[in-house]
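Assemble the whole structure, with the sequences as input and the hints as a guide.
Quick note: the sequence shown, position 182, residue 182 per full-length UniProt numbering, numbers continuous.
Accuracy of the hints is not assured; some may be wrong.
Quick list of in silico lysine-lysine cross-link-like pairs, DSS-like style, CA-CA up to 25 angstroms [what the hints assert, rightly or not]: (1) 91 with 65; (2) 82 with 65; (3) 113 with 154.
Derived Cβ-Cβ restraints for the label pairs, each shown as a range [to be verified]: (4) 252 with 97: 36 to 46 angstroms; (5) 71 with 222: 42 to 52 angstroms; (6) 221 with 58: 41 to 51 angstroms.
The hints are simulated quantities; they were obtained by calculation from the structure and are not laboratory data.
We put the beta carbon where it would ideally sit given N, CA and C, even for glycine.
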Amino acid sequence: MVLRLCQPLSISFSPLAGGGKKQNLRPFRCSSVNHTSDNTFEHRKLVLEVRDKLEKEYSNLPVGKNGRDDEEMIFWFLKDRKFSVDDAVTKLTKALKWREDFGVSSLSEDSLKSIYGTGKAYVHDFADVYGRPVLVVVASKHFPEKQEALEDQKLCVFLIEKALSKLPDGLEEILVVLDLRDFRTVNADIMFFKFLIDAFYFYYPKRLGQVLLVDAPFVFQPIWQLLKPLLKSYAPLVRFVDAETLRSEFFYEDTLPAAF
Numbered sequence: 001m002v003l004r005l006c007q008p009l010s011i012s013f014s015p016l017a018g019g020g021k022k023q024n025l026r027p028f029r030c031s032s033v034n035h036t037s038d039n040t041f042e043h044r045k046l047v048l049e050v051r052d053k054l055e056k057e058y059s060n061l062p063v064g065k066n067g068r069d070d071e072e073m074i075f076w077f078l079k080d081r082k083f084s085v086d087d088a089v090t091k092l093t094k095a096l097k098w099r100e101d102f103g104v105s106s107l108s109e110d111s112l113k114s115i116y117g118t119g120k121a122y123v124h125d126f127a128d129v130y131g132r133p134v135l136v137v138v139a140s141k142h143f144p145e146k147q148e149a150l151e152d153q154k155l156c157v158f159l160i161e162k163a164l165s166k167l168p169d170g171l172e173e174i175l176v177v178l179d180l181r182d183f184r185t186v187n188a189d190i191m192f193f194k195f196l197i198d199a200f201y202f203y204y205p206k207r208l209g210q211v212l213l214v215d216a217p218f219v220f221q222p223i224w225q226l227l228k229p230l231l232k233s234y235a236p237l238v239r240f241v242d243a244e245t246l247r248s249e250f251f252y253e254d255t256l257p258a259a260f
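Here is the structure:
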């Protein structure tokens, strides 16, 4: 197993809407390191320790890609838990059980044909200017009173998985663009928002790079006051922007989502 050490971009954004130019930021610098590195050797030992512990104590959990013996996944949860074996085992076990119960591996465009066809959310064909895969949510097409909550959750998870599968080497996070144009109170869904935050915290830790709320109307403000406390540690990742800022700072002319 060769681990890759990456130095992430240092990106600091104001949570306020406004214009601006694309920033020329350094790309991630990643380098493969061999097992003579003290840190890498120690991390490798911890990965094996977690893997062995899962095999002995949770042998009923699935194996293979995104399973209890997936060393890349183990390493990711170890990093999230600051390389505490017990904490990583606890969090990873919960995530693996959830993946199995939720049927993550069986989700597809075909199985979600009806809800996917609404166009309420999709993974954009192009990355943003920082190379991050982009998940776009169109709030005006979401009707919680008319659409099944479980189907919405399955679509959400399927698209997160799809976005993560598009991550290039050296990048670890995705961008979520929430299109709030034409948003009305009938589109508000506190429970789904909570599911989304819980999913990123418990099952996809540190995979959410930033959330852009685009052209939020006045009617969204009281909704936001209810949503903001649910974000907790994710609050600094949220930024309100207008469509022009989205175009000028986050995409090139030929990679911009068609709706913008």
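Could you work out which earlier hints the structure fails to respect and list their numbers in ascending sequence? The structure conflicts with no hint, since it agrees with every one listed earlier.
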